[in-house]
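2 protein chains.
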Amino acid sequence: MYVIAVYDVSVDRVNKVKKFLRMHLTWVQNSVLEGEVTESQLMKIKKGLLELIHSDTDSVRLYILSSDKLLRKEILGISKGDSEDNVF
Amino acid sequence: MYVIAVYDVSVDRVNKVKKFLRMHLTWVQNSVLEGEVTESQLMKIKKGLLELIHSDTDSVRLYILSSDKLLRKEILGISKGDSEDNVF
Numbered sequence: 001m002y003v004i005a006v007y008d009v010s011v012d013r014v015n016k017v018k019k020f021l022r023m024h025l026t027w028v029q030n031s032v033l034e035g036e037v038t039e040s041q042l043m044k045i046k047k048g049l050l051e052l053i054h055s056d057t058d059s060v061r062l063y064i065l066s067s068d069k070l071l072r073k074e075i076l077g078i079s080k081g082d083s084e085d086n087v088f
Numbered sequence: 001m002y003v004i005a006v007y008d009v010s011v012d013r014v015n016k017v018k019k020f021l022r023m024h025l026t027w028v029q030n031s032v033l034e035g036e037v038t039e040s041q042l043m044k045i046k047k048g049l050l051e052l053i054h055s056d057t058d059s060v061r062l063y064i065l066s067s068d069k070l071l072r073k074e075i076l077g078i079s080k081g082d083s084e085d086n087v088f
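Going down the list, the sequences are from chains A and B. Sequential numbering from 1 applies to the first sequence in the working numbering. Sequential numbering from 1 applies to the second sequence in the working numbering.
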């Protein structure tokens, strides 16, 4: 399956969250990572995030699709990551 | 179609970009908006963004799907917007 993760966490935890997510996903833009994962990896990602973040102040959105073929990506401006389809 | 927009733009332009995107999409988290749009609205969004951002430094990622039914959303931590499916 394909996962897009967008985090909004306190500055105290941002590096830890970023480092953890980079173990599983590809960084593509500030606070955004994405990648192909198995169901088991997704469970690890969720478990790890729940251990790292403070649930009363931090937020991580996960968008989960069965395949990235269902998704069209368009990037306006500079391409900060390396998995883009289109750059304008 | 369903669009998720994630922006990373200079602080000088962040309010303008946010305000513009809110005219078309729903704010759900810091720098993230999403919503159902027509092809014509999507063209307006892209055109408007290209007028607002500086293409050499700013970046806006658009994830476009034919329907939000293809997408599962999970939110870890607090839910900052109002269109979430699951809150842990």
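Keep in mind that the hints are not guaranteed to be accurate.
A pair counts as met if it fits within one copy or between any two copies, since identical chains are not told apart.
[Claimed, not checked] Taking lysine-lysine pairs in the DSS-like style, the calculated list, with each CA pair at most 30 Å apart, reads:
# : residue 1 : residue 2
1 : Lys44     : Lys18
2 : Lys47     : Lys16
3 : Lys44     : Lys19
4 : Lys44     : Lys16
5 : Lys80     : Lys44
6 : Lys47     : Lys19
7 : Lys46     : Lys16
Please keep in mind that the hints were generated in silico from the structure rather than gathered at the bench. Here the structure is a predicted model, which is why all the values come from computation and not from measurement.
The hints, checked one at a time:
1. Lys44 <-> Lys18: Within one copy only: 15 Å inside, 33 Å across.
2. Lys47 <-> Lys16: within (14 Å within a copy, 36 Å between copies)
3. Lys44 <-> Lys19: Within. Shortest intra-copy distance 14 Å satisfies the 30 Å Cα cut-off; inter-copy 36 Å does not.
4. Lys44 <-> Lys16: This pair counts as within: shortest intra-copy Cα distance 15 Å, inter-copy 37 Å.
5. Lys80 <-> Lys44: Close inside one copy (26 Å) and across copies (23 Å); limit 30 Å.
6. Lys47 <-> Lys19: within (15 Å within a copy, 34 Å between copies)
7. Lys46 <-> Lys16: within (14 Å within a copy, 33 Å between copies)
When the structure is compared with the earlier hints, no violation turns up for any of them.
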